[in-house]
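As a plain string of letters, each chain reads:
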Amino acid sequence: MAIEAAGYHEWAGMRRSPWWGTWAIVRTGLTMVLRRWVFWVLIGLGLLNFLFNFAFIYLKATIDVQNGMLGNFLDNYQVTGTGRAYADFMFAQASITALLLAFAGSILIGGDYRHGGVVYYLSRCIERRHYIVGKLLTIAAVVTIITTLPTLFLYLEFGFLTSSLDYFLEHPRILTGILGYGAILAVVQSLLLFAIAAWVPRTVPLVMTWLGVFVLFRALAEALRAINDNRLWLLLGIWEDMQRLGRWCFGSLDSSKTPNAEQCAAVLAVLCAVCLTLILCRVRAVEVVK
Amino acid sequence: MSLLELDHVSHFYGTVCALNDVTLRIEPGTVGLIGQNGAGKSTLLKIVLGLIRPTSGRSRALGLDIRTQGMELRGRIGFMPEAEALVPGLRGVDLVALAGELCGMPRKHALRRAHEVLSHLGLEEARYRRCEEYSVGMKQRLKLAAALVHDPELLLLDEPTAGLDPDGREAMLGLLQSLAGRHGKSLLLSTHLLGDVDRVCEQVMIVHRGVVRGAGRIGDLRAQYRGRYRLNWRGDGAPFLNQLRDNGVRVQADGHADSAFVETPPDWSVRRFFELSSRCDMTLREVAPQEEDLEELYHRVIGPT
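Line by line, the protein sequences are chains A and G. For the first sequence, the numbering used here gives the first residue as 1, with consecutive numbering after it. For the second sequence, the numbering used here gives the first residue as 1001, with consecutive numbering after it.
So here's chain A without its partners, still in its complex pose (with noise of 0.2 Å):
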């Protein structure tokens, strides 16, 4: 304890709005991830999705170019460039950020529980809101990072491998539905780990909390449905409502059958104020002191 030997300085300088203390929060959560090997691996997974799929449009753009005929055939099965590509992208690559946010949810959220690292958050200067928003902006960004970001730019190169940039204008709706898809995904993932993490803080609960909830609710909502003959119980794939909405944001979802966006949007904005309310409830600042 040399603290006279080393001499103890006094700071004295301005202190900055607590939202900056929510940025640290979102920075230091996604370093904690990244610095992970074993979610490398899941990382690597979506980059290699990504990979490809940036491949096969310069591929195609070169084939363009080439060989016209082979182009317009290649057209004919919309395996790239169209809102459908786009979406099955996002899909294929949401599923991997599911599968990593289980395993991360416990290093983001459930650490906080089990070693009191509410405690170290909220005796500082910032309240109760800024850990929430947070926490919730570093698994959005993780959401982000490996779904919309990687299709927004597969979408921009897509745009600019093509003759002319007319392909953004003429196709305005599969930006829309990037943004929107990649947004309900964010919005209702983080609010949905943030609540499971911090009642089932453990990791492996948490990663059966976690896919139960996307694979049990599936499985559920086709059994009733075959039992009742109802469509309206596949409300209950929360996982299908994310993509049907994504899909209607895309302008690809067949409005005619049941369930459809309205129902899906209602059954995901109730989820969400549950998840919320959950959270609420659970990062309550006077358990700082026990």
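Just so you know, these hints were derived from the structure itself, not from any lab. Don't take every hint at face value.
Among the chain G residues that face chain A by a calculated CB cut under 7 Å, a handful are [unchecked claim]:
{"hint": "1", "residue": "T1068"}
{"hint": "2", "residue": "M1071"}
{"hint": "3", "residue": "G1075"}
{"hint": "4", "residue": "F1079"}
{"hint": "5", "residue": "P1081"}
{"hint": "6", "residue": "V1087"}
{"hint": "7", "residue": "G1089"}
{"hint": "8", "residue": "L1098"}
{"hint": "9", "residue": "L1102"}
Note that this is a predicted model, so its numbers are computed, not measured. Beta carbons: idealized from backbone N, C-alpha and C, even for Gly.
Given chain A's structure and the hints, the job is docking chain G onto it.
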């Protein structure tokens, strides 16, 4: 400016009264907060941190209204909790720097200051290790570093020596004394270990069943009670002790036939010992005032339980 001012503060958890009409004023310095489990210490700490609003009453800390300026107040307070309160996966230096950023420090300042504070606390070798790899004593110092990084005026310390070995405890107490003595920090030390309070604090706040039974300088509280003596005599002491009892003096045997501890009533004069001894025809050899230790002070203040 007072460190803490409470004016008729009460706090209820449902129907359970945690603090009951507390009014006090604590001056800057080192303050020990002592009391049994459930006495209301934690509630008091929560109120000082601005994390809960008292059910009734007014409260100020460091001149700020706790009810309306809680966040600003936490910027001037460093809190070292008893719970682990760490973020697993983070390196020591990152944890302390993050604490600084959460207190409003710019990133560069927070990082620089984290290195400084960790070096000051003797953790320079371990600062790049993940905090879950630290020993108990190192974790305590790491929590103290996180509480100190933004240079607070007041440190709230909840059981700072819990789980430390004797050497670690000695070092921690030395460090706290140094922070208070050389660097002018005010400390509010909540602990069950009265020895820690005796060693570090000038003032004490004794909480019992939601009521602050005594608060002020330890010396002043001791001065309220100067009626304890050890008497030593030659000859038969039995009549003398009977005379003392008849005059309202509490006599406590010390295991010897020629001496005893006595507690006198408030208006007692030492001269009366000699008057009574001459009346009983015996020689009083020694009247030694007894210093009250903190444990005795605590038990006297809270009364019989």
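Where does the structure disagree with the numbered hints, that is, which hint numbers, in rising order? 1
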